[in-house]
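A.B. asks: Read off the chains here:
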Amino acid sequence: MNLRLASSASCATLLLTTLLSVSCGDGQVAAFGPSEAFRVRNAQFIEGDFPGTAPRKEPKKGEPTVTALELKNRVVYQGQGGKSLSGRVSTDSRSVGIALEDVGSGYWVIPAGNPDPTTNELTWSVTADFDLRLESGMTNLWVVAIDEDGHAGARLEQQLCIASRVPDNLNSCVPTQAPPQAVISLDWSVNADLDLQVVAPNGKIISPKHPTTNDPDEPGKVADGKIDRDSNAGCVIDGQRHENLIWNADMPRGRYKIYVNLFDSCRQSAVPFDVSVYTQKATKDGAKLVQKLERYGELVEAQVNTENELGSFVAEYRF
Amino acid sequence: MFRRIIAFSLAAAGVQLAVGPNAWAQQPPLPSSTGTVPPAADAEISAAPAPPSTAEATDASAPTPSATATQSPSPAAAPGPADTSSSPPAASSSSNGTAPASQTTGSKSADLATAASTQAANASPGDPRPVASPSAAPAVAEAAPFIDLGGYVQAEYQSHADSENQVRQGGALLNQNRFLIRRARVNLKRVWQYSSLEVELDGNTTSGPSIGLYRAEASLFLAPKQDKDAPPYLQLTAGMFRLPFGFETPESSRTRWFMERTQTSRALFPSEIDVGARLSGGYSVFRYAVALTNGEPLGSRGFPLQDPNKSKDITWRLGAVTRPTKSLGIDGGVSLNTGKGFHRGTDATKGIVTWSDTNEDGVVQPAELIGNPSTAEVTSADFKRWAMGADLQLRLDTALGTTTLLGEFILAQNLDRSFFPADPVQTQLDAREFGWHVALLQQITRYGIVGARIEFYDPNADATDRRAGKTMPAKNTVWAVSPMLGLNLPDRARLAFQYDFIRDYLARDKLGVPADLSNNQWTLRLQVNL
Numbered sequence: 000m001n002l003r004l005a006s007s008a009s010c011a012t013l014l015l016t017t018l019l020s021v022s023c024g025d026g027q028v029a030a031f032g033p034s035e036a037f038r039v040r041n042a043q044f045i046e047g048d049f050p051g052t053a054p055r056k057e058p059k060k061g062e063p064t065v066t067a068l069e070l071k072n073r074v075v076y077q078g079q080g081g082k083s084l085s086g087r088v089s090t091d092s093r094s095v096g097i098a099l100e101d102v103g104s105g106y107w108v109i110p111a112g113n114p115d116p117t118t119n120e121l122t123w124s125v126t127a128d129f130d131l132r133l134e135s136g137m138t139n140l141w142v143v144a145i146d147e148d149g150h151a152g153a154r155l156e157q158q159l160c161i162a163s164r165v166p167d168n169l170n171s172c173v174p175t176q177a178p179p180q181a182v183i184s185l186d187w188s189v190n191a192d193l194d195l196q197v198v199a200p201n202g203k204i205i206s207p208k209h210p211t212t213n214d215p216d217e218p219g220k221v222a223d224g225k226i227d228r229d230s231n232a233g234c235v236i237d238g239q240r241h242e243n244l245i246w247n248a249d250m251p252r253g254r255y256k257i258y259v260n261l262f263d264s265c266r267q268s269a270v271p272f273d274v275s276v277y278t279q280k281a282t283k284d285g286a287k288l289v290q291k292l293e294r295y296g297e298l299v300e301a302q303v304n305t306e307n308e309l310g311s312f313v314a315e316y317r318f
Numbered sequence: 000m001f002r003r004i005i006a007f008s009l010a011a012a013g014v015q016l017a018v019g020p021n022a023w024a025q026q027p028p029l030p031s032s033t034g035t036v037p038p039a040a041d042a043e044i045s046a047a048p049a050p051p052s053t054a055e056a057t058d059a060s061a062p063t064p065s066a067t068a069t070q071s072p073s074p075a076a077a078p079g080p081a082d083t084s085s086s087p088p089a090a091s092s093s094s095n096g097t098a099p100a101s102q103t104t105g106s107k108s109a110d111l112a113t114a115a116s117t118q119a120a121n122a123s124p125g126d127p128r129p130v131a132s133p134s135a136a137p138a139v140a141e142a143a144p145f146i147d148l149g150g151y152v153q154a155e156y157q158s159h160a161d162s163e164n165q166v167r168q169g170g171a172l173l174n175q176n177r178f179l180i181r182r183a184r185v186n187l188k189r190v191w192q193y194s195s196l197e198v199e200l201d202g203n204t205t206s207g208p209s210i211g212l213y214r215a216e217a218s219l220f221l222a223p224k225q226d227k228d229a230p231p232y233l234q235l236t237a238g239m240f241r242l243p244f245g246f247e248t249p250e251s252s253r254t255r256w257f258m259e260r261t262q263t264s265r266a267l268f269p270s271e272i273d274v275g276a277r278l279s280g281g282y283s284v285f286r287y288a289v290a291l292t293n294g295e296p297l298g299s300r301g302f303p304l305q306d307p308n309k310s311k312d313i314t315w316r317l318g319a320v321t322r323p324t325k326s327l328g329i330d331g332g333v334s335l336n337t338g339k340g341f342h343r344g345t346d347a348t349k350g351i352v353t354w355s356d357t358n359e360d361g362v363v364q365p366a367e368l369i370g371n372p373s374t375a376e377v378t379s380a381d382f383k384r385w386a387m388g389a390d391l392q393l394r395l396d397t398a399l400g401t402t403t404l405l406g407e408f409i410l411a412q413n414l415d416r417s418f419f420p421a422d423p424v425q426t427q428l429d430a431r432e433f434g435w436h437v438a439l440l441q442q443i444t445r446y447g448i449v450g451a452r453i454e455f456y457d458p459n460a461d462a463t464d465r466r467a468g469k470t471m472p473a474k475n476t477v478w479a480v481s482p483m484l485g486l487n488l489p490d491r492a493r494l495a496f497q498y499d500f501i502r503d504y505l506a507r508d509k510l511g512v513p514a515d516l517s518n519n520q521w522t523l524r525l526q527v528n529l
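In order, the protein sequences belong to chains A and B. Position 24 of the first sequence, counted from 1, bears residue number 23 in numbering that gives the first Met the number 0, the numbering being contiguous throughout. Position 156 of the second sequence, counted from 1, bears residue number 155 in numbering that gives the first Met the number 0, the numbering being contiguous throughout.
Keep in mind that a hint or two might mislead.
As the list claims (entries may be wrong) - Once the Cα atoms are required to be at most 30 Å apart in a straight line, the calculated DSS-like pairs of lysine-lysine come out as:
(1) Lys291/A - Lys225/A
(2) Lys59/A - Lys349/B
(3) Lys82/A - Lys339/B
(4) Lys227/B - Lys71/A
(5) Lys56/A - Lys349/B
(6) Lys291/A - Lys256/A
(7) Lys60/A - Lys509/B
(8) Lys71/A - Lys287/A
(9) Lys82/A - Lys311/B
Derived by calculation from the structure, the hints in this document are not laboratory data.
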């Protein structure tokens, strides 16, 4: 009996030792970084400060270096997905770290790729997503090369303009650029076909079906106000979920009634939405858009309205 | 009370129902004048030999052999309510596979040894569990026309280190810290002299509420008449059944103390269940089973329980169940699976125009419109796959309780269907898989158990990674160490806690080198048996 107990104890001890040797700690942080406002597809998210030193004009010898960064343009929109970033790093690099300045709780890493046939430097390429939560305005994209010892070189900084989801003619990045005179903006959060409807002071209904403020009584005159899109039209999901009525200039003064119409719920039981009114305000640099009104609401499936009628009244605003 | 109502309802319909060791003890014997079929009237039943002993069958038939006999409402066997506490040791052996027999009712060490010995002697190749209760067969048969009703519920809380309050692209939840019904199973079974029928339903909330057919077995068998404890010489089963591969696949989730099968087993066999035909049986200490199945187990990603190609998978296991001494049991076997996997082709497409925002300005420009001509259908293709394995189980009865040591290894090629699904048609390279595990369980009296399992799985021995322009060998291996602690209310309920330390290469470190992902997890589970 003692022998049996002893053998059981030996087995248990052996297994326990193996257990302890394998089971200390837990590895890297979360795999996807899905809560980050700036995300890089198929890259590893690592929590912590961005590695590397401040940018240098001349690369330091023996230090891994980002030798090239290629962007198709330097403007990204809030909520834009699939932006391509690529470039090259020095041959002593093993990986590339990428982040937006002061955004999120860490940075993204990808292994350095194949050598460039011309320069022999190592190439890299990623696809990045920019969340709606990113603040509009200028920011810096940081890229750094990391060598096989884990040492990071000087980071490369590239300015990016995060353009506002509310059309502002890039005023948030270039304050001297004049924003529209006024914008009425509708946003919603589920994939349904929701329409912004505005009744102008002259009684004309502006909606995605009749997207301009043209007055039928003045057929020759082209009015400035225009709805920019019919999002999720016919339940063809485009992922935008926002519509804007924009006046760049010549906005007729008066009272505007704002409605929201649920044209098709697209199988959603409820559609929460948010209507905002922005107007131009003068600043020392020129002008900027300022939010004057914000209303929240929700439409349910029973309120689907495919008739040529106005939807639910939300607010009235006097410009 | 509810079960009693069911029993009487079914009795009125001409069916008798056994729903557990204590069920009949609460009921008076059913008089033959009620219109039910009297047991003795079914000559086939009264002469029934040992039943087929699939893993779940013996698990789910809660009434134990002799206990059923003593509890039987049959006038000959049980003139009145039975006293389950007087069940002989062999009758109390239906509890579980990996757990020692002493968890069962009315046990002492000597009794346990006898029970385990009986159980071990009757385990079939398709059911490597040593403590299955084949001796239930004659008792069930003699007890006449019962439909055995069994089942259990496993409700649990899981916590995963990699949970996030987000939804993955496509809608899958990234949060896994949750309560869930992992399994809610109901099992119906009836055994005649040469045949048996078994149906099991499964409900769970793993991916939202679902319920469906889990097992459906129709069996014919030929069993030895002299030794009612022996397994059938020959048993032909058709339907949905557990694949006879290794130790874990045929093992019932009801009896396994560890929360889930190992990663190796789950990767190669996404579910234990496939549809087909199986031949199994045993003679002396030897056991055999061979199954011909569609090769698309329940839960596989492609065509679960269907068959996209004409070839069938063959799975077999040869094993032995031995009892060298009164307190020591040694069982083992070798297994093989061969078949053909399926690489699904693609449908033909019409020509379409797409927009590629090449300058990323969000504005459609003529140069950004791309014509995509129609494409031809890409034909499907088959590929060969196989697996072989060996398993060994040792059980030692001590004063403390039964010690169980289990081990299994599997070599396979192109068989991973869940973790890193193999597709050599696409990769032009066979995926070589290898996995093993060792588990130790120590019973602490009838009411407690501690254990640990260490497992290893390599889904592709030839995996490579591309870094800095160089292709280099890479590891996709997974190690897991799982200590477990359990409390046991014999035959009725279990409360178990398991922590899984997982070491893998699913993340990358800041050098871009594959590294361990933070994905340890723990589970607290309550199981109650019907």
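A.B. asks: All hints, please: hold or fail.
C.D. replies: Results for each hint:
1. The straight-line distance between the Cα atoms of Lys291/A and Lys225/A is roughly 19 Å, inside the 30 Å bound, and the hint therefore holds.
2. For the hint pairing Lys59/A with Lys349/B, the CA-to-CA distance comes to about 54 Å; that exceeds 30 Å, so the pair is violated.
3. With a C-alpha separation of about 41 Å, the suggested pair Lys82/A and Lys339/B falls outside the 30 Å cut-off, and the hint is violated.
4. Pair hint Lys227/B plus Lys71/A does not hold up; C-alpha atoms about 80 Å apart against a cutoff of 30 Å.
5. Straight-line distance between C-alpha atoms of Lys56/A and Lys349/B comes to about 53 Å, which puts the hinted pair past the 30 Å bound.
6. Simply put, Lys291/A and Lys256/A have alpha-carbon atoms about 15 Å apart, close enough for the 30 Å limit, and the pair holds.
7. Between Lys60/A and Lys509/B the alpha-carbon distance is near 22 Å, which keeps this suggested pair within the 30 Å criterion.
8. Our distance criterion of 30 Å between C-alpha atoms is met by Lys71/A and Lys287/A, whose separation comes to about 27 Å.
9. For a cut-off of 30 Å, the pair hint linking Lys82/A to Lys311/B is broken: about 47 Å separates their Cα positions.
In summary, the structure is inconsistent with hints 2, 3, 4, 5 and 9 from the numbered list given earlier, while agreeing with the others.
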